[in-house]
Amino acid sequence: MKPFDYSRADDAGSAVAAVMARPDAAFLAGGTNLVDHMKLGVAAPELLVDVTGLPLDRVEELPDGGLRIGATVRNSDLAAHPLVRRRLPVLSQALLAGASGQLRNAATTAGNLLQRTRCGYFQDVTTPCNKREPGSGCAAIGGWNRYHAVLGASEHCVAVHPSDMAVALRVLDAVVTVLGEDGERRVPVGEFHRLPGEAPEADTVLRHGELVTAVEVPPLPAGTRSGYRKVRDRASYAFALVSVAAAVETDGDRVREARIAFGGLAHKPWRAERAEEALRGASATDEAFREAAEAELRAARPLPGNGFKIPMARNTLAALLRELTTEERR
Amino acid sequence: MDSQLTLHVDGEPRSLTVDNRTTLLDALRDRLGVTSPKKGCDHGQCGSCTVLLGGRRVVSCLTFAVAHDGAEVTTAEGLAEADGRLHPLQQAFLDHDGFQCGYCTPGQICSAAGMLAEAEAGHPSSATADGDGPGGVPRPVPLDEEEIRERMSGNLCRCGAYGNIVDAIRAVAGR
Numbered sequence: 001m002k003p004f005d006y007s008r009a010d011d012a013g014s015a016v017a018a019v020m021a022r023p024d025a026a027f028l029a030g031g032t033n034l035v036d037h038m039k040l041g042v043a044a045p046e047l048l049v050d051v052t053g054l055p056l057d058r059v060e061e062l063p064d065g066g067l068r069i070g071a072t073v074r075n076s077d078l079a080a081h082p083l084v085r086r087r088l089p090v091l092s093q094a095l096l097a098g099a100s101g102q103l104r105n106a107a108t109t110a111g112n113l114l115q116r117t118r119c120g121y122f123q124d125v126t127t128p129c130n131k132r133e134p135g136s137g138c139a140a141i142g143g144w145n146r147y148h149a150v151l152g153a154s155e156h157c158v159a160v161h162p163s164d165m166a167v168a169l170r171v172l173d174a175v176v177t178v179l180g181e182d183g184e185r186r187v188p189v190g191e192f193h194r195l196p197g198e199a200p201e202a203d204t205v206l207r208h209g210e211l212v213t214a215v216e217v218p219p220l221p222a223g224t225r226s227g228y229r230k231v232r233d234r235a236s237y238a239f240a241l242v243s244v245a246a247a248v249e250t251d252g253d254r255v256r257e258a259r260i261a262f263g264g265l266a267h268k269p270w271r272a273e274r275a276e277e278a279l280r281g282a283s284a285t286d287e288a289f290r291e292a293a294e295a296e297l298r299a300a301r302p303l304p305g306n307g308f309k310i311p312m313a314r315n316t317l318a319a320l321l322r323e324l325t326t327e328e329r330r
Numbered sequence: 001m002d003s004q005l006t007l008h009v010d011g012e013p014r015s016l017t018v019d020n021r022t023t024l025l026d027a028l029r030d031r032l033g034v035t036s037p038k039k040g041c042d043h044g045q046c047g048s049c050t051v052l053l054g055g056r057r058v059v060s061c062l063t064f065a066v067a068h069d070g071a072e073v074t075t076a077e078g079l080a081e082a083d084g085r086l087h088p089l090q091q092a093f094l095d096h097d098g099f100q101c102g103y104c105t106p107g108q109i110c111s112a113a114g115m116l117a118e119a120e121a122g123h124p125s126s127a128t129a130d131g132d133g134p135g136g137v138p139r140p141v142p143l144d145e146e147e148i149r150e151r152m153s154g155n156l157c158r159c160g161a162y163g164n165i166v167d168a169i170r171a172v173a174g175r
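Protein chains in written order, with full-length UniProt numbering: chain H, 1 to 330; chain S, 1 to 175.
Chain H extracted, bound-state conformation:
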């Protein structure tokens, strides 16, 4: 590991200034992904600015009933927060579906959003990877790609975003607040993460030195049911092959409005707008759920190793919607 300087930030503005001043600097929070990358040689910052002492560790209620979640709130605390459990079950469930108890105790809201793909080639510095080393090629396209993208990939990168939390935030239409040298800006979470295109090295639209300070989540309309379902290679503590977050409003036996996002399928949490459109006003039946999934997944382009993700995504979406609409009628 490359030697590095360490400093603790006293306030958010000076943290931003410290990282902005040096291209080789990085923010440090929970460290569960960054420390690993430094061991692997995937990242080699020469200055770490520790932001865990900043007063960004609170969950506050907004006047409209939404929540403002501080950037350094630990994943375990957020999942257990009474307002999150009561009002935003999809968020609590997604957080609890990720990582392990130990990691959730360390990992933060902002760190979870900013974690990087677990593509094995990205993490192995002996192999080509356009995300780690732009222009070097992609070893996953002709290699082991069971975990990789079926939607929105490019010829340069087929990695998927590993977060569960971000998939829930996507259906909740959360907004990320970001502090830069010129003050704060607000980025809808749907625009926060990028598709790989020609520049897979950039996971997000953040510029160097910009600090995520909070995530704001508007309230769900009354009567909306939300949930998260994840499919993986073992029962716990594994990344998603496929996951689905959904928030559904029903009117009798019909779906009034459904918000749906997939995890494990793309370089960013994938909002399934075509499926949502297909469900608007549809009867809450298995057939309708599957048709909605088909409408979205028609655009899927599987790799040799991950064609199974398409029926898995369809089945997982149908199962979650069945669960959410059945509860509603109870």
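Mixed in with the good hints there might be a few duds.
Claimed, not checked - List time: in silico DMTMM-like cross-link candidates among lysine to aspartate or glutamate, alpha-carbon distance up to 25 Å: (1) H:K39 with H:D24; (2) H:K2 with H:D124; (3) S:K39 with H:D36; (4) H:K2 with H:E210; (5) H:K2 with S:D42; (6) H:K2 with H:D36; (7) H:K39 with S:D19; (8) H:K2 with S:E150; (9) H:K2 with H:E60; (10) H:K39 with S:D30; (11) H:K2 with H:E46; (12) S:K39 with S:D19; (13) H:K2 with H:D203; (14) H:K39 with S:D69; (15) H:K39 with H:E201; (16) H:K2 with S:D30; (17) S:K39 with S:E120; (18) H:K2 with S:D19; (19) S:K39 with H:D203; (20) H:K39 with H:D124; (21) H:K39 with S:D42; (22) H:K39 with S:D2; (23) H:K2 with S:D2; (24) S:K39 with S:D2; (25) H:K39 with H:E191.
Hints are computed from structural coordinates only; laboratory data are not their basis.
Position chain S relative to chain H; hints supplied.
Same frame as chain H, but now just chain S:
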């Protein structure tokens, strides 16, 4: 690029100078001679380095020591009473034969200690029935086998002593 810090390890203040690259795990084992946290994978995947940091379970391999000046660190060794009496979890692992080679055991025990406190504080898990705590009022979560297995999934045992590990933890959780 070194830093000076003090860690309160199992109740003892320990001051040291570390290269910033030193993980908390390496500081404990190599610098302070506290070897109950074990180095398994060194990538946060196996849980054998689990310690309680400020009372919360974390993997000590994925955090730098320099970030924890002044912190309280409890290892499996420090869970025992000063007079040598074993912590209930330590005794339960013996009584239920909760190990074979023993390498993962200190991490399992620290993790279990942290996990019991989380459940007592009402923290849910993926195995917690939806709707638990209506009105969002936290209340202790009863720990059946499914809850324990889910909450302990960050600790691997390559000998496969899981059955007895679950029994040991259940015995303490039920008290």
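So, going through the hints one by one against the coordinates:
For the given pair, K39 of chain H sits about 16 Å from D24 of chain H by alpha-carbon distance, which is consistent with the 25 Å threshold. Using a Cα cut-off of 25 Å, the hinted pair K2 of chain H and D124 of chain H holds, with the two alpha carbons roughly 17 Å apart. Between K39 of chain S and D36 of chain H, the direct Cα distance comes to roughly 14 Å. Compliance with the 25 Å bound is thereby established for this hinted pair. A threshold of 25 Å between alpha carbons decides the hint, and for K2 of chain H with E210 of chain H the separation of about 23 Å falls inside it, so the pair holds.
Distance restraint check for K2 of chain H and D42 of chain S: the Cα-Cα separation of roughly 17 Å lies within the 25 Å cut-off, and the hinted pair is therefore satisfied. Only pairs whose Cα atoms come within 25 Å are accepted, and K2 of chain H paired with D36 of chain H is accepted, the gap being roughly 13 Å. Proposed proximity of K39 of chain H and D19 of chain S is supported: the alpha carbons are some 14 Å apart, at most 25 Å. Distance hint between K2 of chain H and E150 of chain S is unfulfilled; the C-alpha atoms sit about 37 Å from each other, more than 25 Å.
Among the hinted pairs, K2 of chain H with E60 of chain H is inconsistent with the structure: their alpha-carbon atoms are about 39 Å apart, more than 25 Å. Simply put, K39 of chain H and D30 of chain S have alpha-carbon atoms about 17 Å apart, close enough for the 25 Å limit, and the pair holds. Pair hint K2 of chain H plus E46 of chain H holds up; C-alpha atoms about 7 Å apart against a cutoff of 25 Å. This hinted pair checks out: K39 of chain S and D19 of chain S have alpha carbons roughly 19 Å apart, not beyond 25 Å.
Distance restraint check for K2 of chain H and D203 of chain H: the Cα-Cα separation of roughly 23 Å lies within the 25 Å cut-off, and the hinted pair is therefore satisfied. With a C-alpha separation of about 21 Å, the suggested pairing of K39 of chain H with D69 of chain S holds against the 25 Å cut-off. At roughly 19 Å between alpha-carbon atoms, K39 of chain H and E201 of chain H fall within 25 Å of each other, so this suggested pair holds. Our distance criterion of 25 Å between C-alpha atoms is met by K2 of chain H and D30 of chain S, whose separation comes to about 20 Å.
Taken as a hint, the K39 of chain S and E120 of chain S pair is broken in the structure, with Cα atoms around 29 Å apart against an allowance of 25 Å. Straight-line distance between C-alpha atoms of K2 of chain H and D19 of chain S comes to about 11 Å, which keeps the hinted pair within the 25 Å bound. Under the criterion of a C-alpha separation no larger than 25 Å, the hint pairing K39 of chain S with D203 of chain H is inconsistent with the structure, at around 31 Å. For a cut-off of 25 Å, the pair hint linking K39 of chain H to D124 of chain H stands: about 11 Å separates their Cα positions.
Simply put, K39 of chain H and D42 of chain S have alpha-carbon atoms about 9 Å apart, close enough for the 25 Å limit, and the pair holds. For the suggested pair K39 of chain H and D2 of chain S, the alpha carbons sit about 18 Å apart, so the restraint of at most 25 Å is met. Only pairs whose Cα atoms come within 25 Å are accepted, and K2 of chain H paired with D2 of chain S is accepted, the gap being roughly 13 Å. Among the hinted pairs, K39 of chain S with D2 of chain S is consistent with the structure: their alpha-carbon atoms are about 23 Å apart, no more than 25 Å.
For the hint linking K39 of chain H to E191 of chain H, the alpha-carbon distance of about 30 Å lies beyond 25 Å, and the restraint is violated.
This entry does not satisfy hints 8, 9, 17, 19, 25, going by the numbered hints stated previously.
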